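S.K.: Chain by chain, the residues run as shown.
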Amino acid sequence: MPPTESKATAQQPDEHADLLAEIEASLGEGKLPLQTFNDETVHQLELDRLFGREWIFVGHESEIPEEGDYARRYIAGDPFIFVRDINGDVQVLFDSCRHRGAKLCRAEQGNTSHFRCPYHGWTYKNTGDLVGVPQKEVAFKNLDQSEHGLHSAPRVDSYAGLVFASLSDSGESLEEHLGEFTWYLDIQFKLPDGGMEVIGEPHRWVVETNWKTGADNFAGDSYHTGFAHHSIKQLGLGGDDTVGIAGAGETKDRHVHCDGHTTSTRMVEGEEVFMTYPDEIVDLFNPDNVTPDQYEAAKEALSFTGSVFPNLAFLNFGDITDDPNKDVTGFLGVRKWRPLGPNKTEIWSWAFAPKRASEETKERIYKVYMSNFGPSGNFEQDDVSIWNGITDVADSTFARHHEVDLNYQMGTEEMSEVAYDEEWPGPGTVYAINLEEVGMQKFHDQWFDHLSTPRDGETMSRDCGGGCGSAKADGCGSTRTDDCGSAHADDHDPATGSEPAGGGE
Amino acid sequence: MAANTDRDSELDRFLLKQRVERFLYEEASLLDRREQTEWLALLDEDIEYKAPLRVTREHVNDSFSRSAYYFDEDYGSLEARIQRFESEYAWSERPPSRTRRFVTNVRATERDDGAVDAESYLLLYYGQGDDSSYTFLAGRREDVLRPNGETFTIAKRHVFLDHAVPEIDKISVFL
Numbered sequence: 001m002p003p004t005e006s007k008a009t010a011q012q013p014d015e016h017a018d019l020l021a022e023i024e025a026s027l028g029e030g031k032l033p034l035q036t037f038n039d040e041t042v043h044q045l046e047l048d049r050l051f052g053r054e055w056i057f058v059g060h061e062s063e064i065p066e067e068g069d070y071a072r073r074y075i076a077g078d079p080f081i082f083v084r085d086i087n088g089d090v091q092v093l094f095d096s097c098r099h100r101g102a103k104l105c106r107a108e109q110g111n112t113s114h115f116r117c118p119y120h121g122w123t124y125k126n127t128g129d130l131v132g133v134p135q136k137e138v139a140f141k142n143l144d145q146s147e148h149g150l151h152s153a154p155r156v157d158s159y160a161g162l163v164f165a166s167l168s169d170s171g172e173s174l175e176e177h178l179g180e181f182t183w184y185l186d187i188q189f190k191l192p193d194g195g196m197e198v199i200g201e202p203h204r205w206v207v208e209t210n211w212k213t214g215a216d217n218f219a220g221d222s223y224h225t226g227f228a229h230h231s232i233k234q235l236g237l238g239g240d241d242t243v244g245i246a247g248a249g250e251t252k253d254r255h256v257h258c259d260g261h262t263t264s265t266r267m268v269e270g271e272e273v274f275m276t277y278p279d280e281i282v283d284l285f286n287p288d289n290v291t292p293d294q295y296e297a298a299k300e301a302l303s304f305t306g307s308v309f310p311n312l313a314f315l316n317f318g319d320i321t322d323d324p325n326k327d328v329t330g331f332l333g334v335r336k337w338r339p340l341g342p343n344k345t346e347i348w349s350w351a352f353a354p355k356r357a358s359e360e361t362k363e364r365i366y367k368v369y370m371s372n373f374g375p376s377g378n379f380e381q382d383d384v385s386i387w388n389g390i391t392d393v394a395d396s397t398f399a400r401h402h403e404v405d406l407n408y409q410m411g412t413e414e415m416s417e418v419a420y421d422e423e424w425p426g427p428g429t430v431y432a433i434n435l436e437e438v439g440m441q442k443f444h445d446q447w448f449d450h451l452s453t454p455r456d457g458e459t460m461s462r463d464c465g466g467g468c469g470s471a472k473a474d475g476c477g478s479t480r481t482d483d484c485g486s487a488h489a490d491d492h493d494p495a496t497g498s499e500p501a502g503g504g505e
Numbered sequence: 001m002a003a004n005t006d007r008d009s010e011l012d013r014f015l016l017k018q019r020v021e022r023f024l025y026e027e028a029s030l031l032d033r034r035e036q037t038e039w040l041a042l043l044d045e046d047i048e049y050k051a052p053l054r055v056t057r058e059h060v061n062d063s064f065s066r067s068a069y070y071f072d073e074d075y076g077s078l079e080a081r082i083q084r085f086e087s088e089y090a091w092s093e094r095p096p097s098r099t100r101r102f103v104t105n106v107r108a109t110e111r112d113d114g115a116v117d118a119e120s121y122l123l124l125y126y127g128q129g130d131d132s133s134y135t136f137l138a139g140r141r142e143d144v145l146r147p148n149g150e151t152f153t154i155a156k157r158h159v160f161l162d163h164a165v166p167e168i169d170k171i172s173v174f175l
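Protein chains in written order, with our numbering: chain A, 1 to 505; chain B, 1 to 175.
Hint data in this document are derived by calculation from the structure and do not stem from the laboratory.
Computed from a predicted model, the values in this text were never measured in an experiment.
Possibly wrong hints are sitting among the right ones.
[As the list claims (entries may be wrong)] Derived lysine-lysine pairs resembling DSSO-like cross-links, with alpha carbons at most 27 Å apart:
| # | chain 1 | residue 1 | chain 2 | residue 2 |
| --- | --- | --- | --- | --- |
| 1 | B | Lys17 | A | Lys326 |
| 2 | B | Lys50 | A | Lys233 |
| 3 | B | Lys50 | A | Lys326 |
| 4 | A | Lys355 | B | Lys156 |
| 5 | A | Lys190 | A | Lys103 |
Taking the hints into account, I'd like the entire structure generated from these sequences.
M.R.: Now the structure itself:
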């Protein structure tokens with residue numbers, strides 16, 4: 001293990017090295033130690049080296065449409081103000097006064113031209129610029145206000161209205177981070193004329209689960225759907241192909257691993273499905289907004305579920321309803337796993353709909369989303385109830401003493417006949433079946449690369465682990481095999497708002 | 001005469017509140033005993049059952065979303081939820097949760113059309129399994145009740161939870 005200045009590491013260097021070695025050995029076998037799902041050391045490493053470095057989803061631009069609109073957002077434990085400033089630019093400002101550190105933002109959301117510190121009254125424009133210091137002429141005569149604006153998240157960038165921020169000054173750009181996976185994201189976020197928007201406010205609730213369990217689930221766990229969510233099928237709330245047993249239905253199922261991200265799709269070949277959205281929505285889906293191949297994929301798709309490394313996930317789900325006597329629809333849910341501790345996660349869950357959809361249709365889409373996901377969702381209730389059990393046993397003495405491993409070997413060559421889809425037009429490693437867990441292995445490999453690389457390290461290996469490239473070498477890992485550090489140091493781009501807010505004007 | 005009229009209307013309000021309380025207590029008891037199908041029979045078929053998300057704003061103490069909900073239900077979706085809870089694979093309620101609904105601070109006003117506006121506070125204990133942990137949900141409810149003989153049916157229920165971010169694995173109970 002290379003030396004590090006990390007506080008967590010400094011406290012327990014030996015335990016660290018042993019733990020990382022144990023994890024690495026398990027990963028090599030397509031496994032992961034159970035303990036990693038509830039471990040304080042792992043959690044501290046994640047905060048420092050993963051959430052302190054990676055691109056983390058903050059919010060969608062449609063949540064702050066007007067100048068001055070703001071919402072409180074977090075990167076792991078760190079509070080930020082997600083705000084559209086007076087110039088119409090989106091800012092992600094560290095919610096801490098430059099004088100004594102007090103939080104400025106006292107609400108979850110609102111609209112304001114200024115943020116005023118309640119402690120001593122320092123006042124900042126919604127651009128982050130410091131514009132007011134009480135008694136300045138007497139007390140702070142020589143304070144350079146232009147040097148004391150609110151800190152901005154070191155890097156801020158967006159894709160299709162989805163705003164991400166990174167706590168690190170350097171590293172790959174958001175474009176590089178998303179890589180070719182945008183081929184799949186485009187289908188979810190760019191297909192309708194007018195784009196997508198968030199309906200209402202996100203669901204937020206705190207569960208006794210490790211965040212990686214949720215991430216695992218959306219990184220290609222088609223295997224659980226038919227069992228954990230069997231009640232949905234039984235009650236006729238979801239169609240056989242949406243919630244049926246993986247690998248057993250009529251649909252053409254695929255798992256895709258692409259530049260560190262994953263998606264799982266179910267499609268009906270040769271048919272126009274469009275996630276069973278109502279005609280009004282399908283009419284908004286414009287082939288000109290995507291490539292012909294992407295449009296064809298969307299057309300045949302019944303569902304997409306996916307994960308953007310590390311803690312963003314989405315599901316564009318069709319053939320689902322809140323009541324078996326009502327029409328089915330599709331909906332797009334977007335979720336973020338915010339780690340609050342080794343055994344505690346705040347789940348954030350947003351519902352999306354095409355901006356130009358009628359209010360009535362948006363309400364219907366929201367209702368079907370809410371009936372199935374969010375804290376009261378018929379799907380989601382059952383997931384979290386099961387996930388919490390994993391968190392419990394992960395903290396067990398038995399698991400630690402006996403190095404209990406979890407198995408993620410489905411879809412490896414030792415376990416099954418692996419079928420790749422060579423014909424598929426999209427990027428990535430494409431499995432012609434949704435019974436495989438190599439996508440989760442790749443998630444774990446990337447996660448481990450972060451944890452085992454000190455934050456000041458400049459050579460993070462980003463190879464995708466087992467199975468990478470065996471079908472399509474080009475789509476997987478090609479942009480992220482190296483070069484995560486120094487190459488992009490100081491690569492601030494004022495256009496994306498990544499300059500410190502106080503430095504402007 | 002004036003004194004008698006005041007006394008009569010006070011008595012009417014008292015009796016109304018008494019009847020509303022009796023109804024709400026019986027309703028809570030059905031849910032706590034997990035007699036959810038019997039509970040469904042108390043709901044009108046045109047019921048509007050909503051629990052909006054609380055949104056914390058700087059200058060308002062009680063602000064709720066107009067488009068985001070924990071529940072936005074009609075009779076059909078409530079019936080589907082109940083059928084799901086009673087099916088074999090509803091893992092969120094396996095084993096069934098233990099709940100205790102404390103209904104207090106009841107206020108009732110009769111409308112001109114004979115329906116009753118009933119407001120109540122709800123404190124809900126939620127525990128499950130052989131686990132020592134438990135959760136409370138707290139909130140305020142605004143109901144519209146329709147008279148049905150000596151008792152009522154529920155035409156409308158809006159639940160305003162006090163939690164900004166509930167610390168609960170799932171909301172697998174009715175409020």
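S.K.: Checking each numbered hint in turn, tell me which of them this model violates, lowest number first.
M.R.: Per hint list: 1, 4, 5 violated.
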